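Go by the hints and put chain D onto chain Z.
As you go down the protein sequences, you meet chains Z and D in turn. Numbering-wise, the working numbering puts 177 at position 177 of the first sequence, and it's gapless, one number per residue. Numbering-wise, the working numbering puts 199 at position 199 of the second sequence, and it's gapless, one number per residue.
None of these hints come from the bench; they were simulated from the model. Careful, some of the hints might be misleading.
The list treats identical chains as interchangeable, and a pair is accepted whether it falls inside one copy or across any two copies.
In silico SDA-like links for lysine to any residue, alpha-carbon gap of 20 Å or less [stated by the list, open to error]:
{"hint": "1", "residue 1": "Lys74", "residue 2": "Arg41"}
{"hint": "2", "residue 1": "Lys225", "residue 2": "Met212"}
{"hint": "3", "residue 1": "Lys195", "residue 2": "Ala52"}
{"hint": "4", "residue 1": "Lys58", "residue 2": "Gly36"}
{"hint": "5", "residue 1": "Lys24", "residue 2": "Glu197"}
{"hint": "6", "residue 1": "Lys220", "residue 2": "Gln175"}
{"hint": "7", "residue 1": "Lys44", "residue 2": "Pro65"}
{"hint": "8", "residue 1": "Lys58", "residue 2": "Pro77"}
{"hint": "9", "residue 1": "Lys58", "residue 2": "Tyr35"}
{"hint": "10", "residue 1": "Lys75", "residue 2": "Ser96"}
{"hint": "11", "residue 1": "Lys178", "residue 2": "Pro77"}
{"hint": "12", "residue 1": "Lys181", "residue 2": "Lys195"}
{"hint": "13", "residue 1": "Lys67", "residue 2": "His57"}
{"hint": "14", "residue 1": "Lys24", "residue 2": "Pro77"}
{"hint": "15", "residue 1": "Lys27", "residue 2": "Pro65"}
{"hint": "16", "residue 1": "Lys159", "residue 2": "Arg143"}
{"hint": "17", "residue 1": "Lys22", "residue 2": "Lys120"}
{"hint": "18", "residue 1": "Lys40", "residue 2": "Gly63"}
{"hint": "19", "residue 1": "Lys27", "residue 2": "Ala52"}
{"hint": "20", "residue 1": "Lys58", "residue 2": "Arg143"}
{"hint": "21", "residue 1": "Lys40", "residue 2": "Arg61"}
{"hint": "22", "residue 1": "Lys195", "residue 2": "Ser48"}
{"hint": "23", "residue 1": "Lys67", "residue 2": "Ser155"}
{"hint": "24", "residue 1": "Lys220", "residue 2": "Arg143"}
{"hint": "25", "residue 1": "Lys74", "residue 2": "Ser96"}
{"hint": "26", "residue 1": "Lys22", "residue 2": "Arg215"}
For clarity, every value in this text was computed on a predicted model and none was experimentally measured.
Protein chains: 2
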Amino acid sequence: MKRAVVLLSGGMDSATVLYLAKDKGYKCFCLSFDYGQVHKRELKSASSIARAAGCLHKVVRFGLPWKGSSLLDKKIPIPQRAHQVSAKQSAGQIPSTYVPARNIIFLSFALSFAETLGAKDIFIGAHCHDYSGYPDCRPEFIRAFNLVAQKGTRSGAQKSPIRICSPLENKNKAQIVKLGKKLGVPFHLTWSCYKGEKVPCGRCDSCNFRAMGFRKAGFKDPLIKK
Amino acid sequence: MKRAVVLLSGGMDSATVLYLAKDKGYKCFCLSFDYGQVHKRELKSASSIARAAGCLHKVVRFGLPWKGSSLLDKKIPIPQRAHQVSAKQSAGQIPSTYVPARNIIFLSFALSFAETLGAKDIFIGAHCHDYSGYPDCRPEFIRAFNLVAQKGTRSGAQKSPIRICSPLENKNKAQIVKLGKKLGVPFHLTWSCYKGEKVPCGRCDSCNFRAMGFRKAGFKDPLIKK
Numbered sequence: 001m002k003r004a005v006v007l008l009s010g011g012m013d014s015a016t017v018l019y020l021a022k023d024k025g026y027k028c029f030c031l032s033f034d035y036g037q038v039h040k041r042e043l044k045s046a047s048s049i050a051r052a053a054g055c056l057h058k059v060v061r062f063g064l065p066w067k068g069s070s071l072l073d074k075k076i077p078i079p080q081r082a083h084q085v086s087a088k089q090s091a092g093q094i095p096s097t098y099v100p101a102r103n104i105i106f107l108s109f110a111l112s113f114a115e116t117l118g119a120k121d122i123f124i125g126a127h128c129h130d131y132s133g134y135p136d137c138r139p140e141f142i143r144a145f146n147l148v149a150q151k152g153t154r155s156g157a158q159k160s161p162i163r164i165c166s167p168l169e170n171k172n173k174a175q176i177v178k179l180g181k182k183l184g185v186p187f188h189l190t191w192s193c194y195k196g197e198k199v200p201c202g203r204c205d206s207c208n209f210r211a212m213g214f215r216k217a218g219f220k221d222p223l224i225k226k
Numbered sequence: 001m002k003r004a005v006v007l008l009s010g011g012m013d014s015a016t017v018l019y020l021a022k023d024k025g026y027k028c029f030c031l032s033f034d035y036g037q038v039h040k041r042e043l044k045s046a047s048s049i050a051r052a053a054g055c056l057h058k059v060v061r062f063g064l065p066w067k068g069s070s071l072l073d074k075k076i077p078i079p080q081r082a083h084q085v086s087a088k089q090s091a092g093q094i095p096s097t098y099v100p101a102r103n104i105i106f107l108s109f110a111l112s113f114a115e116t117l118g119a120k121d122i123f124i125g126a127h128c129h130d131y132s133g134y135p136d137c138r139p140e141f142i143r144a145f146n147l148v149a150q151k152g153t154r155s156g157a158q159k160s161p162i163r164i165c166s167p168l169e170n171k172n173k174a175q176i177v178k179l180g181k182k183l184g185v186p187f188h189l190t191w192s193c194y195k196g197e198k199v200p201c202g203r204c205d206s207c208n209f210r211a212m213g214f215r216k217a218g219f220k221d222p223l224i225k226k
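Excised from the complex, chain Z in its bound form (with noise of 0.2 Å):
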């Protein structure tokens, strides 16, 4: 059975493309990270997510010894306001939530549990439709750290490269939710909003893509009581 490393956050991309995985055939190996963020709410998710799909869950934790995003520093507070903008537009319009070289930071850790695994495929929720304007998420950036599995690891200098699969790149919110819908993804257990409380805020960026998208889909968040 062939093996994938799947990036899981918590939030609902990452778990519909594990969905994604596990219906292509993978074995899928989740990975998640614990890196000092202001809450750990997306941590639980993660595992409930890893749990209900029945898959094995390795959780990475690393102190940064340095801020610079209101996701690492409570001091900056998270902007309320949905971004909408083009790649091309992205950027000028990077918001304080962007966490210097994050996805960068989870793809090569993904490639080393990939090269121990003999995993042929790591999978990454990332898109650049409905989103913040991160850098990490476009498709350019995807390629170019193809590029680096390529040229940088032992599989690749043996020919037979990891290669990183978004298979959300193109895809807005309300396909990833219809599509979740239809891989029967447990919406229930994901978490979006930037703040770790009981309930999402309904506020913050990340709530307004998700309430959007579910808004656009015709589905109902499950996560939305009232």
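Quick look at chain D alone, frame taken from chain Z:
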């Protein structure tokens, strides 16, 4: 004063790169990793070298929840024969000391640190002569990672990307010793041996390369007493 992040392992190559960057007029911020390596001797050396150079030094700590290398797993023996291989030969001859995706992980953290500092250059002591056949020391890997820095970071999206500089890329160990001597590198503070004992073992790959470098350059290694 322009800033640079310097990956500092505690070995002679990264120490030479630090002194080279200082010589080029950079204010250097050193970065090391406590990642579960079987000995911590090199971290003490990194700290001493950064202090001698008068530079700020940060250590990122992470635990890899997998092994896959003799530098992470005491049960795997460390090879005692020097692998003198060319980059072309390396594919089939990667030794057990290769840590899956290690330099990729290190450079990812360096990118995050550099973005936070506003540094535009990252220095790494990778080189492909007299090396152990590590794929993540090859020039083509450094080029691929430069593309990641352009495509996957805020500074890259804003057309002011961080550059990965590997000034030792085409130098062999003897040339590195000569350069270090010219720059005043405190070689007595550096540590190369894969085993973290009181004195270098003199038998592992890393000891062999170091000894060859000093011998060919015509200098005495200050770590070797007899």
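Results for each hint:
no.	hint	result
1	Lys74 x Arg41	within (15 Å within a copy, 36 Å between copies)
2	Lys225 x Met212	within (16 Å within a copy, 70 Å between copies)
3	Lys195 x Ala52	neither (24 Å within a copy, 43 Å between copies)
4	Lys58 x Gly36	both (16 Å within a copy, 16 Å between copies)
5	Lys24 x Glu197	neither (34 Å within a copy, 49 Å between copies)
6	Lys220 x Gln175	within (14 Å within a copy, 66 Å between copies)
7	Lys44 x Pro65	between (24 Å within a copy, 18 Å between copies)
8	Lys58 x Pro77	neither (30 Å within a copy, 26 Å between copies)
9	Lys58 x Tyr35	both (14 Å within a copy, 16 Å between copies)
10	Lys75 x Ser96	within (11 Å within a copy, 45 Å between copies)
11	Lys178 x Pro77	neither (32 Å within a copy, 51 Å between copies)
12	Lys181 x Lys195	neither (25 Å within a copy, 53 Å between copies)
13	Lys67 x His57	between (27 Å within a copy, 16 Å between copies)
14	Lys24 x Pro77	neither (40 Å within a copy, 39 Å between copies)
15	Lys27 x Pro65	between (35 Å within a copy, 18 Å between copies)
16	Lys159 x Arg143	both (17 Å within a copy, 18 Å between copies)
17	Lys22 x Lys120	within (14 Å within a copy, 41 Å between copies)
18	Lys40 x Gly63	both (14 Å within a copy, 18 Å between copies)
19	Lys27 x Ala52	within (14 Å within a copy, 50 Å between copies)
20	Lys58 x Arg143	neither (25 Å within a copy, 31 Å between copies)
21	Lys40 x Arg61	both (12 Å within a copy, 19 Å between copies)
22	Lys195 x Ser48	within (19 Å within a copy, 41 Å between copies)
23	Lys67 x Ser155	between (34 Å within a copy, 16 Å between copies)
24	Lys220 x Arg143	neither (35 Å within a copy, 47 Å between copies)
25	Lys74 x Ser96	within (12 Å within a copy, 42 Å between copies)
26	Lys22 x Arg215	neither (26 Å within a copy, 56 Å between copies)
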